Amino acid sequence: QQQVKQSPQSLIVQKGGISIINCAYENTAFDYFPWYQQFPGKGPALLIAIRPDVSEKKEGRFTISFNKSAKQFSLHIMDSQPGDSATYFCAAYSGGSNYKLTFGKGTLLTVNP
Amino acid sequence: DTAVSQTPKYLVTQMGNDKSIKCEQNLGHDTMYWYKQDSKKFLKIMFSYNNKELIINETVPNRFSPKSPDKAHLNLHINSLELGDSAVYFCASSPMGTGHEQYFGPGTRLTVT
Numbered sequence: 001q002q003q004v005k006q007s008p009q010s011l012i013v014q015k016g017g018i019s020i021i022n023c024a025y026e027n028t029a030f031d032y033f034p035w036y037q038q039f040p041g042k043g044p045a046l047l048i049a050i051r052p053d054v055s056e057k058k059e060g061r062f063t064i065s066f067n068k069s070a071k072q073f074s075l076h077i078m079d080s081q082p083g084d085s086a087t088y089f090c091a092a093y094s095g096g097s098n099y100k101l102t103f104g105k106g107t108l109l110t111v112n113p
Numbered sequence: 114d115t116a117v118s119q120t121p122k123y124l125v126t127q128m129g130n131d132k133s134i135k136c137e138q139n140l141g142h143d144t145m146y147w148y149k150q151d152s153k154k155f156l157k158i159m160f161s162y163n164n165k166e167l168i169i170n171e172t173v174p175n176r177f178s179p180k181s182p183d184k185a186h187l188n189l190h191i192n193s194l195e196l197g198d199s200a201v202y203f204c205a206s207s208p209m210g211t212g213h214e215q216y217f218g219p220g221t222r223l224t225v226t
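Chains A and B are the protein sequences, given in the same order. The C-terminal position of the first sequence is numbered 113 in my numbering, with every residue numbered one higher than the one before it. The C-terminal position of the second sequence is numbered 226 in my numbering, with every residue numbered one higher than the one before it.
No lab work stands behind these hints: they were computed from the structure. Note that the structure is a prediction, hence the values are computed from the model and not measured. Glycine residues also receive a C-beta, built at the ideal position from the N, C-alpha and C atoms. Warning: the hint list may mix true and false statements.
Stated by the list, open to error - Dumping the calculated DSBU-like pairs for lysine-lysine here, alpha-carbon to alpha-carbon at most 30 Å:
(1) B:180 / A:68
(2) A:15 / B:180
(3) B:180 / B:157
Unchecked claim - Far from chain A, by Cβ distances over 12 Å, these chain B residues were calculated:
(4) 131
(5) 135
(6) 157
(7) 178
(8) 180
(9) 186
(10) 224
As the list claims (entries may be wrong) - Here are the in silico distance ranges between beta carbons for each label pair:
(11) A:54 / B:130: 34 to 40 Å
(12) B:133 / A:16: 43 to 49 Å
(13) B:209 / A:55: 24 to 30 Å
Let's have the full structure, built from the sequences with the hints guiding it.
Structure (structure tokens):
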């Protein structure tokens with residue numbers, strides 16, 4: 001049972017373009033929705049995170065949009081750069097006594113120069 | 114100064130052998146995790162420890178046994194290795210109360226032949 005569904009599986013964008021990755025979740029008990037970025041041969045690194053009571057969060061060129069009623073959230077990368085080429089994972093976190101982070105299946109982003 | 118370190122980085126071994134992967138974090142975090150990333154890049158939680166106490170054990174075969182000698186260390190021992198155990202294993206840690214903000218190690222690529 002996949003609790004966080006991510007799309008697309010892969011994405012090719014031209015330099016300067018907008019990259020958009022979408023995720024949907026089922027469990028309304030999740031209380032944080034982070035995005036992680038992973039470069040080849042490295043561990044994932046936290047990029048940006050949002051709480052479900054906020055509709056949008058922006059950090060530099062990276063923006064999370066959150067739609068609580070639709071149980072969907074997305075990552076927008078503005079002015080995409082070749083250095084942004086990586087695998088992006090959305091995730092959902094359930095706190096309390098669980099400490100569990102559930103990941104989507106990842107999106108391989110390629111930004112062409 | 115590496116925040117979350119793992120040893121070894123690469124591990125090649127034969128079926129049936131027993132091996133261990135070590136993890137150390139110098140961030141002062143209370144919670145540590147083990148993840149398995151398969152060939153399709155899917156990240157799956159295996160174990161979570163909070164203050165040396167097991168919190169999450171995600172239907173992992175009994176051949177996998179985590180051990181946390183102290184808050185800064187979480188080791189993973191694997192008995193009777195199988196071909197299907199080949200993957201990249203990531204250790205991670207997070208501060209108390211912010212489990213969505215996880216810091217990952219560089220990973221250990223395990224190849225079972």
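Hint check results:
no. : hint                     : in the structure
1   : B:180 / A:68             : 39 Å, violated
2   : A:15 / B:180             : 46 Å, violated
3   : B:180 / B:157            : 19 Å, holds
4   : 131                      : 25 Å, holds
5   : 135                      : 15 Å, holds
6   : 157                      : 8 Å, violated
7   : 178                      : 19 Å, holds
8   : 180                      : 18 Å, holds
9   : 186                      : 17 Å, holds
10  : 224                      : 15 Å, holds
11  : A:54 / B:130: 34 to 40 Å : 49 Å, violated
12  : B:133 / A:16: 43 to 49 Å : 47 Å, holds
13  : B:209 / A:55: 24 to 30 Å : 28 Å, holds
The structure is inconsistent with the numbered hints 1, 2, 6, 11, although it conforms to all the rest.
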